[in-house]
Amino acid sequence: MAKHTLDPVGKSVSRVDMYDKVTGAARYADDLQFGPGLYYGRLVRSGYAHALIKRIDASKALQVPGVKAVVTGKDTPIRIGLYLKDRFIFAMDRVRYVGDAVAGVIATSEETAEEAAQLIEVEYEELPAVFDPEEAVQPDAPLIHPDLGDYEVVNFILPEPGTNISEHFKLRKGDPEAAWPKCAAIVEGTFRLPQIQHVPIEPHVAVALWEPSGQVTLWTSSQSPFAQRDLIAQSLGIPHGNLRVVSPYVGGGVGGKAGVSMEACAVVMARAVKGHPVKLRMTREEEFIGTTVRQSLVAHTRIGCDAEGNLLAMETRYYFGGGASNEYGVNIARAAGYSCTGPYYIPNVKGDSYCVYTNLPIGSAMRGFGMPEIHWGIEQIMDQLAEKMGIDPAEFRRRNCVKTGDTILTGMKMPQIDLVACIDKVTKAIDWGKEEKPSAAHKKRGKGIAIMWKAPAMPPNPGSSAIVRFNEDATVNVEIGAQELGQGAFTVAAQVAAQALGVPYEWVRISAPIDTKYSPYEWQTVASRITWSMGNAVKAAAEDARKQILDVVAEHWGEDVENLDIKDGQVISYQSEREQPLEKMVIYGLPSEDFEGWKGGPIIGHGKFMPTYVTNLDPETGQGTRAVVHYTVGAQAVDLEVDTETGEVEMLKIASAYDVGKAINPDLVMTQIEGGAVQGASSAFEALKFDEKGQPLNADLVDYRIMTTVDAPREIHGDIVETPLEDGPWGARGVGEHVMVQTAPAIANAIHDALGIRFNDLPLSAEKIFLALQEQQKD
Amino acid sequence: MLARPGLPSFDYIRASTAQEVVRLLKEHGEGARLMMGGTDLLVRMRQGDVRPKIVVDVKHLPGMSEILYEEGAGLTIGAAATMNQVAKHPAVRAHYPLLAEAANSVASYQVRNRATVGGNLCNASPCADTTPAILALEGRLVLYGPNGERELPAKEFFLGPGQTALQPGEFLTAMRFPQLPSGSAGKYLKLGRSKAGDLSLVGVAIFGFPDETTSSGYRFRIVLGSVAPVVLRALEAEQVLASQPPGDETFALAAQRAMEAATPIDDVRGSAVYQKAMVRTLTLRGLRDVWEQLAGRKE
Chain A
1 MAKHTLDPVG KSVSRVDMYD KVTGAARYAD DLQFGPGLYY GRLVRSGYAH ALIKRIDASK
61 ALQVPGVKAV VTGKDTPIRI GLYLKDRFIF AMDRVRYVGD AVAGVIATSE ETAEEAAQLI
121 EVEYEELPAV FDPEEAVQPD APLIHPDLGD YEVVNFILPE PGTNISEHFK LRKGDPEAAW
181 PKCAAIVEGT FRLPQIQHVP IEPHVAVALW EPSGQVTLWT SSQSPFAQRD LIAQSLGIPH
241 GNLRVVSPYV GGGVGGKAGV SMEACAVVMA RAVKGHPVKL RMTREEEFIG TTVRQSLVAH
301 TRIGCDAEGN LLAMETRYYF GGGASNEYGV NIARAAGYSC TGPYYIPNVK GDSYCVYTNL
361 PIGSAMRGFG MPEIHWGIEQ IMDQLAEKMG IDPAEFRRRN CVKTGDTILT GMKMPQIDLV
421 ACIDKVTKAI DWGKEEKPSA AHKKRGKGIA IMWKAPAMPP NPGSSAIVRF NEDATVNVEI
481 GAQELGQGAF TVAAQVAAQA LGVPYEWVRI SAPIDTKYSP YEWQTVASRI TWSMGNAVKA
541 AAEDARKQIL DVVAEHWGED VENLDIKDGQ VISYQSEREQ PLEKMVIYGL PSEDFEGWKG
601 GPIIGHGKFM PTYVTNLDPE TGQGTRAVVH YTVGAQAVDL EVDTETGEVE MLKIASAYDV
661 GKAINPDLVM TQIEGGAVQG ASSAFEALKF DEKGQPLNAD LVDYRIMTTV DAPREIHGDI
721 VETPLEDGPW GARGVGEHVM VQTAPAIANA IHDALGIRFN DLPLSAEKIF LALQEQQKD
Chain B
780 MLARPGLPSF DYIRASTAQE VVRLLKEHGE GARLMMGGTD LLVRMRQGDV RPKIVVDVKH
840 LPGMSEILYE EGAGLTIGAA ATMNQVAKHP AVRAHYPLLA EAANSVASYQ VRNRATVGGN
900 LCNASPCADT TPAILALEGR LVLYGPNGER ELPAKEFFLG PGQTALQPGE FLTAMRFPQL
960 PSGSAGKYLK LGRSKAGDLS LVGVAIFGFP DETTSSGYRF RIVLGSVAPV VLRALEAEQV
1020 LASQPPGDET FALAAQRAME AATPIDDVRG SAVYQKAMVR TLTLRGLRDV WEQLAGRKE
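Heads up: the sequence lines are chains A and B, in that order.
Residue numbering for the first sequence follows my numbering, beginning at 1 and increasing consecutively.
Residue numbering for the second sequence follows my numbering, beginning at 780 and increasing consecutively.
Honestly, the hints are just simulated from the structure, not real lab data.
It is possible that some hints are incorrect.
Claimed, not checked - Okay, derived cross-link-like pairs now, BS3-like style, lysine-lysine, Cα gap no bigger than 30 Å in a straight line:
hint, chain 1, residue 1, chain 2, residue 2
1, B, Lys974, A, Lys443
2, B, Lys974, A, Lys437
3, B, Lys974, A, Lys689
4, A, Lys443, B, Lys832
5, B, Lys832, A, Lys60
6, A, Lys653, B, Lys974
7, A, Lys85, A, Lys608
Only chain A is shown next, with the shape it has when bound in the complex (with noise of 0.2 Å):
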């Protein structure tokens, strides 16, 4: 081995899929071979956004040559969810959204079965829909699920049946009543965020075989693996040990490949066929209404700061969108409730945030959960406040930032955190305060700043676990359950295993894919939660094989294990300054003296981890010990011109700081940071668009714009600042989503400062800003 890293932790490392990744050797599900006898799904969506299902005739489809099986919503009677079981596989007795999954052909082709799924006929009645979540909560609104009274639900949800709600989380601190006539400033808001969609790079695959013993698989690009297989054991009556889920690399989750989406479809079609895998995959197409979006969001929030500038009130209802199925987004809306002020301390708040169904594409989790959609406001009003009070900005987020041991909205100690720390950085990185000239007469150019912060938003225990065992040549392989989304997750794991090994790097193998069969345990590869979760799960099981290794050594030489350690992938002693090599040993153990017995025998160290401090909250105040696991905070400044003639906005650049605890692996943190500020960048400027019926306008990449690499800010400056957390490992917590956060809202900042002029509505774009700049000319 060429390389030979020592203590890894901290250091930039190469990633373990490097090689993998760069020839393009690395394979996706969809490069899985199943032979000959593989059978192939479409499916057939329906063309309105809300109707009852009259009758559905497959008799021309199931008459043409090459098809093997119909299925529908018969076939699925049991709801399937995350939080809140309200979806079946297949639509049952009415359809919610244009695009939802009516029935699934499956053929020997791909071709074949979409043919036959255009012969399908399906009879509908059309039914009022409703599409903006504020008018989906009046009393007169189209009931989309009249049985939400019924759905099984976990018991921090909480849905109102005989509504459209199907979560209201209630926010009650202090007494604003009585704080905003103390207020010397107050700004007011109504900020609406549209749905848009993750657009990973490798479109959602699945291939599932139902084997006619009644073993099931399912391979597919997944972010949660045993989620899903939870879930789909769940709805189908499959015993858990049954059902095995292998999801090799994922080409881009950012939340779209979280639980279940279109992957049941595809379990539920092999079961019609056992005996024959059949492969379903999403087209570009599809994959915006087909699988899941961000939730949209209608927010109206007001804030007040006293005459000193400090915070003093805030009062806030947030409607998110949900979309047709809220199983997952119930929780969006549930995080944002519990982080409703922002990154701010505000003694007195009243929040209220409704997740509600519309007849829209499901609304799920995407990069920041909640986040990105109630910062765009808020972090646009602290600026306004700021203006009022003729204070900086920057300075006006210092002062009212959250700080370590500050009591936070839910009553909650804010643990370890600096997010002046995180200010000082951005503003220095794009020196703020200084104004710089643009670079054309037609030209404005401005600077904005926007701070964040977040916590993994999941249930209260979810859990990790992992293996640590050893080879002959004490190479090692870690077994786990988190998934490889291009975020480094296996380098982290092999970076933390080696270093509480005390082993090289490079001696440190993933055990992959993950294999609900073989892997151990993990909840899913979501909320930034894996190098903390995770992380403290390798290494406790790297402890626990190393414990292991010494006791034997310790006994061997006779010496107090207390004096041992392991350097460099050999057992030392600070006594007797012996060394023993972990080759060989680590499986075959040791000989006594005179070879007479042995000691010892083959490694596997085991470890796990799973918060246990997190507190249910009162439902009527929002109120608890102990909310959530942690935060992670970050800033972001952003230095733009725009083109006052066309409109367009060009990003110069952007700087971001986040305190991350510890990086494991700077390079890594980086490029999160400069994805994030892409996406994030991105995400101001697009959106699912629909006409009045609910037809999707732009559901393919032409009419649908993502960033490329000449449309994004022309330098990506990061920042790390390195707050140690608790429960971390070596004081890491994570750094994922948190880097699109704020994006947004800094653009819009940055903008205003260039032109004066406020947006409050997403998606930014040339021809908005150029209207309103001719607005303002008129006045």
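Put chain B on the given structure of chain A with help from the hints.
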């Protein structure tokens, strides 16, 4: 509703003579589609917009991909020459830089390796990026049909969105451009929603040259893309530039006239109001640019 995976079945025929193409077109009528780069046809077949029974590949016909330039005679570009071929060709860059610039603005580099200028014209899309330049340079199209070859000024080719003057059995084999007036200059400006790979929201081609027959001493041609059912010449704007002395005031008035000539519609890509305003912005920028080139050349 959504595009399907893969393509519906069809027969692929690689034509080797022009006569064969004419015969196949006559035989199959609407059931036959000609293909060169396929960057538009295959996409539309996948979307289900067109369902040809046979696809006739004409890019291998003799001369279809050739680019020929002869001093005095001008430029001939085979209909199947790719965008990148045109954009990179030394003679095109030296003598018809406006055309090279327009070809280089189409979609992305990868698409430009396949997409052809002839295909771009035959789609008759109002947002085709090479059409404004071809009209500004007063190109002529060579058509081959049952009665042999004929030539048509490019401006007479476009009848409406997707509609051309091609007769049954007829197809485009080449574009011809006259030798350009000496001291001429051109500019193509395109506005998309992102900097690369987008369709144009507005495209403006400007071509200008000294002309003693006008009272301003110059003649300009202004051609607008994406803002009318067909690519449009802004004749009123050209008239302003022919009659009034070149300068910012004249250019502003001409840009205003160009905007007035545009008749865009609201769609998912942009509103009519914005597109009209951008015609003015781009025309003004283009005129200033071309004027700088012309003035520079005069010195």
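Results for each hint:
With a C-alpha separation of about 17 Å, the suggested pair Lys974 of chain B and Lys443 of chain A falls inside the 30 Å cut-off, and the hint holds. Under the criterion of a C-alpha separation no larger than 30 Å, the hint pairing Lys974 of chain B with Lys437 of chain A is consistent with the structure, at around 23 Å. Distance restraint check for Lys974 of chain B and Lys689 of chain A: the Cα-Cα separation of roughly 21 Å lies within the 30 Å cut-off, and the hinted pair is therefore satisfied. A threshold of 30 Å between alpha carbons decides the hint, and for Lys443 of chain A with Lys832 of chain B the separation of about 53 Å lies outside it, so the pair is violated.
Of the pairs offered as hints, the one joining Lys832 of chain B and Lys60 of chain A holds, with about 23 Å between alpha carbons and a cut-off of 30 Å not exceeded. Note on Lys653 of chain A and Lys974 of chain B: the hinted pairing holds, with a Cα-Cα distance of about 17 Å set against a maximum of 30 Å. The hinted pair formed by Lys85 of chain A and Lys608 of chain A meets the criterion: a straight-line CA distance of about 28 Å does not exceed 30 Å.
Going down the numbered hints, you'll see the structure goes against just number 4.
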